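The listed protein sequences correspond, in order, to chains Z, E, W and F.
Take the first sequence: its letter number 60 is residue 59 in numbering that gives the first Met the number 0, and every next letter is one higher.
Take the second sequence: its letter number 12 is residue 11 in numbering that gives the first Met the number 0, and every next letter is one higher.
Take the third sequence: its letter number 253 is residue 252 in numbering that gives the first Met the number 0, and every next letter is one higher.
Take the fourth sequence: its letter number 2 is residue 1 in numbering that gives the first Met the number 0, and every next letter is one higher.
Worth flagging that the hints you see were computed from the coordinates, not collected in a lab.
What you are looking at is a predicted structure, and each value in this text was computed from that prediction instead of being measured.
Check the hints yourself; a few may be wrong.
All copies of an identical chain are treated as equivalent in the list; a pair is satisfied when it fits inside any one copy or across any two copies.
[Stated by the list, open to error] Distance condition first, Cα-Cα at most 25 angstroms in a straight line; then the derived DMTMM-like pairs of lysine to aspartate or glutamate:
(1) Lys366 to Glu356
(2) Lys329 to Asp43
(3) Lys118 to Glu148
(4) Lys138 to Glu265
(5) Lys366 to Glu204
(6) Lys138 to Glu163
(7) Lys329 to Glu106
(8) Lys138 to Glu334
(9) Lys329 to Glu356
(10) Lys118 to Glu175
(11) Lys138 to Asp43
(12) Lys118 to Glu265
(13) Lys116 to Glu317
(14) Lys116 to Asp43
(15) Lys138 to Glu326
(16) Lys138 to Glu60
Protein chains: 4
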Amino acid sequence: MVGGGRGGYIGAIHRAAAILDGHWELVAGALSRSLERSRVSAADWHLDGDRAYSDFRRMAEIESGRPDRPDAIVVCTTNETHFDVATVFLDAGFNVICEKPLAIRREEAWSLVDLAKRKQAIFAVGHCYSGYPMVRLAKGMIASGELGEVRSVIVEYASQYGAERGYSMPWLDDPERSGPSGVLAGTGTHAHHLCEFVTGLRVEEVSADLAALVPGHVLEDHATMHLRFVNGARGLLWNTSIAVGNENGLSIRVFGSQGGLRWHQENPNILEFSPLNRAKRTLTRGGFDTSAANKDWERVPYGHPEGYQEAYANLYTEIAEAILDREAGKPAPAEGYLFPTVTDGARGVDFVFAALESSSNNAAFTKLGPPQAKAATDREISA
Amino acid sequence: MVGGGRGGYIGAIHRAAAILDGHWELVAGALSRSLERSRVSAADWHLDGDRAYSDFRRMAEIESGRPDRPDAIVVCTTNETHFDVATVFLDAGFNVICEKPLAIRREEAWSLVDLAKRKQAIFAVGHCYSGYPMVRLAKGMIASGELGEVRSVIVEYASQYGAERGYSMPWLDDPERSGPSGVLAGTGTHAHHLCEFVTGLRVEEVSADLAALVPGHVLEDHATMHLRFVNGARGLLWNTSIAVGNENGLSIRVFGSQGGLRWHQENPNILEFSPLNRAKRTLTRGGFDTSAANKDWERVPYGHPEGYQEAYANLYTEIAEAILDREAGKPAPAEGYLFPTVTDGARGVDFVFAALESSSNNAAFTKLGPPQAKAATDREISA
Amino acid sequence: MVGGGRGGYIGAIHRAAAILDGHWELVAGALSRSLERSRVSAADWHLDGDRAYSDFRRMAEIESGRPDRPDAIVVCTTNETHFDVATVFLDAGFNVICEKPLAIRREEAWSLVDLAKRKQAIFAVGHCYSGYPMVRLAKGMIASGELGEVRSVIVEYASQYGAERGYSMPWLDDPERSGPSGVLAGTGTHAHHLCEFVTGLRVEEVSADLAALVPGHVLEDHATMHLRFVNGARGLLWNTSIAVGNENGLSIRVFGSQGGLRWHQENPNILEFSPLNRAKRTLTRGGFDTSAANKDWERVPYGHPEGYQEAYANLYTEIAEAILDREAGKPAPAEGYLFPTVTDGARGVDFVFAALESSSNNAAFTKLGPPQAKAATDREISA
Amino acid sequence: MVGGGRGGYIGAIHRAAAILDGHWELVAGALSRSLERSRVSAADWHLDGDRAYSDFRRMAEIESGRPDRPDAIVVCTTNETHFDVATVFLDAGFNVICEKPLAIRREEAWSLVDLAKRKQAIFAVGHCYSGYPMVRLAKGMIASGELGEVRSVIVEYASQYGAERGYSMPWLDDPERSGPSGVLAGTGTHAHHLCEFVTGLRVEEVSADLAALVPGHVLEDHATMHLRFVNGARGLLWNTSIAVGNENGLSIRVFGSQGGLRWHQENPNILEFSPLNRAKRTLTRGGFDTSAANKDWERVPYGHPEGYQEAYANLYTEIAEAILDREAGKPAPAEGYLFPTVTDGARGVDFVFAALESSSNNAAFTKLGPPQAKAATDREISA
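This is chain Z alone, in the form it adopts within the complex (with noise of 0.2 angstroms):
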């Protein structure tokens, strides 16, 4: 692991995540700039200290040269450096899991995606919440044609971590670190990445009108956007910081010809579904009338709620069947694997671009891109 030390919070989920269903062990880390820093959030893990490194391209150097290198690197640094991390442990050789966004710069972010291809190195970025079952669900639900043809998407990430002046963790606002997005960079990735994989549809244009609406925020707090996909199917991605009272707020609305889909982070265990013309049900994690894929991402039975953790977890068994299987030799299964890609993790740098291009352009809608060709090999490991 690199950067997510004591006191760190996205770190310690990673770990425990990693190593809930007992597949993957942390045996190493740069877990901060500070060597004593380091070696303290080492000995929390209970990592051998001389695995515990302050200087991640040391770290890269040393530990791919041992015998029991790491199966991949975990990047737990903030945004600016996630480019840099990631490209000199790819070099090395190594697969990398990466936080969201990918990188703070359109062109970082696709030169990741072919890094990674050269290197055949597997790369998964960290939307956790394609990892909760009801997600997967709704993904699986949507692809047999349940809902018919898809016509509208709604997807919400408005939260209230911004509502007052000064963020916690001041980067958030910071252009040099965070870069020229704010709230878009910081979680509306996680709410593209979840309308794209949840439908299985491209966004193919964008129509954003943002602002930072706090006074004395420098960088976008509240996003609105017009979404249109490729099928032709219509939507809009609202995103912040300043929603007073929302906890996380992350939902998705997907209506289709055939019938509508709805799913709530804050209560992740249920998928609410109304078939055209029948009474609307409400799908449980494990519970009835859901398919028998669904169960492969439960540990407990229904009515006994998974939380956060476990979505990451999921994430983390497919990540360690993905390694498994290259290692061995076996291609990728045809549909895909689920976790997201480095090229998802591109897909949401375009992402946060074309709106930055379309609001400064009084809301005209801008296509995503550049690279539209790679659009294609979306489902790929590793691009």
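Start from chain Z and add chains E, W and F according to the hints.
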């Protein structure tokens, strides 16, 4: 009443709401263009047979000459006739209660505003959702500053009545009878009125993306809109008739610097209130921690849900008050009456036309108008 | 109407519900024991001044002699007078609509059953919750076998109106005026009627634990009861006035061999239905997958919540039908009418007395009765 | 671990919860009575092959002699063996974590209480629901007086796992293996523990009505109980396995003189709090208006739901603390530890037997016991 005879839906609602508190009685009607059917409907409601008409112009002529002439005329006809019917009865000196949208042309709408003002008529429009006690509580809380500065307004009116080709009321998709707008004219104007009513803020400009998504539909059945309010607040409006599983689907969320509010019309006796940095509270009609004024709009105690008809009834009671005030020579209250006026109706028509213009112009922001000067007078009774 | 004058709560509900569908008109009343106040209340509702009385016996005498005598008398007085008022008007040949509990003594209750039967009077009791469309849908679903054999019935009426010493209506805790039971007589009889109405099953015996938990209360403010039904089903009833936070708090859950149902009166337009081994469905008033019969009790479409007054109105409409049927010499429908009859009222009184007896006998199971023979006739109109 | 091997449900939960915070490691196990299967399961969890046993007595003998002997033994076997297994390991000087019910005979349960005390062992019982942060918040709020005097406690554990004849785990209805009680021993003891844990009050006596409602069931599958608490509070407990549509169905509601609380395990991150005469508040894990102590039991921020495994993990973390404290010679905290102790387990067994006695005695109130003297020591570690 003009229109609204047997088999009509909205006429029966108007009648039941009007009589609920004992302030109104239905005495005459051009309930159908067929005299026979008008008489049958009149008998249903115990009207005198000689006050059942087939021609609304004749009804205006005769009823205006009676010593016991009606206090107001309710217009429940289809959209394209609102203008003619309302004009005739205004000219004949009646107060008017007209269903929305006020008109299907911008200039007709503002013409009614002018005529009502010249005639000193009370003119109310059927934006019934503003009659719910919890909507009014929300309005009062925002007006009194409990939310601080309003920053973001999210309003949805997303139903399923047009999810399949062909509406149960075919004129909804017929430009001859509905004008150039479909769902926005049908329910979107409710959403627009609701967000201006609750926040007390005018929508200044919109960026819209309109589409007819169900194959065969002519008029738009799906609209997403960025909203910009006069105080700099942003927002969005989602309006559709294709949201499978949404029975009515009207809701509003308002976020300010000091708190957030949420109201959903399908559970109308509840208003969720999240003060900044405090736990969410569930405010209930007649319950604790609500304003004293709220008690004026209640008929039954908390825990005994009031419904849709009662919301309409609140409007009828206020309209009766306004008429009695005017007849008694009393001025309108300084803060105005709360029922939707003809100006509110004209704003709704403007809103639809601005959306059409924006959508046909690549989602460019488009100002509402034309008659900006009138905005200042918006809480006058008739204009 | 007897009782129910200005300031009274339930009288206004009865009037509004009665007129909602156009079947009833309020024409005369002993609205107060003071003639002056009775006249003031009569004026509120546009009654002829000479039909406002202060003495219900005189009202019975005069009104029974008029050619336009009322079709029915509504009894909205306090509990201890129900018996006298109802008896006088039955004797005078009127149909009666009486608030619950029917009487405060067991023998009075069954005496009214007998008298109504002898007089061939329509006699309805104010168990208003049976008027909700979704309650009736539940009844219909159980009757048609959708739940299989009913096994368990959980009914709650847990409110907060007595959570502090001293009721807003002091007679609620006064044995002289309320009889030997407090909350059970006040709201528990509603819960009892609801569970028998919905399931179509009689409560055969009860084991009760009654207590006055608020210091200073004389009559019980808390009751828990084991219920045993005639078919062997078990259940429980929880009834209290001290449940802080519960506004009204009436709900019922029924579990059978083939499915489960849940209805909560504070969200009355919804019925949750869980078929065995299938996902839960949310049935809505007027929505999909509900029976056609359900449409009879609706005034507005799905998504437009109906409320408490409409539930009462359903009863009034049916009572009108029953009276018109009887006057026309038509027999009652084979399945009986649905409004609560005088026998239902007497069952409620029995229920209270069986609970008192069980609770004073260490929760020993106690049979309802006495007049078991009458049970067979329970869906007759008047007994 | 004893029991809990591959295919077992609860063993995997215990392991995952134990390792979540890094305090525990699974090192040895008698995971099956077949040595081969025990070894396969051991391999799943990366145990040394020579620490996989088929005989728990042999495991106790060998492991107790190792220098790196386990800190505690987890007992995940079927109910009738809990007593023997726990006794053997207590005798061998181990701390014990035992699934509930503690035993299937009253005297066995209290014998374990005595033995644990004599051995000064930490002995925890698997009442996992007490590990949820919001359950602990509820306990803290009641202890600090926020609800005033507790008056009424309503606890439900109503599931559907026995709605059809034949359980997926047949021993649940086999008196040889489960003892004289069915659903009460299976899940009712959780409900009993939860209501005593949250309120801090002992159930003093019960009146019970038990029935086997599904044809063919031998042991009770439905129980309703009147509860009387030591302070005079009343309550009810409903426990069943036949509630079609209820996935797990555990909830508790507590009503005091100053407020009411509601928690439902299927939405465990929320606690509803209604202060007397104030609007209802929705308290959330990690959210606003909750106590600082609550933060100890959180791993992720508000809005990111924690689940069932995390509740178990909280218990494991505390058990680790208790063991470390004891090994360090530190006394238990004055207020005791929060994890369920062997005395809590014995109380649960008493509860079941009192219910059986009451139900066979026409629902007569029956005191819990026998060993009343022990009640005073209830928050000691081991007894």
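Quick rundown of the hints versus the structure:
no. : hint             : result
1   : Lys366 to Glu356 : both (10 angstroms within a copy, 21 angstroms between copies)
2   : Lys329 to Asp43  : between (36 angstroms within a copy, 22 angstroms between copies)
3   : Lys118 to Glu148 : neither (38 angstroms within a copy, 52 angstroms between copies)
4   : Lys138 to Glu265 : both (18 angstroms within a copy, 24 angstroms between copies)
5   : Lys366 to Glu204 : both (4 angstroms within a copy, 24 angstroms between copies)
6   : Lys138 to Glu163 : between (36 angstroms within a copy, 23 angstroms between copies)
7   : Lys329 to Glu106 : neither (31 angstroms within a copy, 58 angstroms between copies)
8   : Lys138 to Glu334 : within (12 angstroms within a copy, 48 angstroms between copies)
9   : Lys329 to Glu356 : neither (42 angstroms within a copy, 55 angstroms between copies)
10  : Lys118 to Glu175 : neither (30 angstroms within a copy, 62 angstroms between copies)
11  : Lys138 to Asp43  : neither (38 angstroms within a copy, 31 angstroms between copies)
12  : Lys118 to Glu265 : neither (38 angstroms within a copy, 45 angstroms between copies)
13  : Lys116 to Glu317 : within (19 angstroms within a copy, 46 angstroms between copies)
14  : Lys116 to Asp43  : neither (35 angstroms within a copy, 33 angstroms between copies)
15  : Lys138 to Glu326 : neither (28 angstroms within a copy, 51 angstroms between copies)
16  : Lys138 to Glu60  : neither (40 angstroms within a copy, 52 angstroms between copies)
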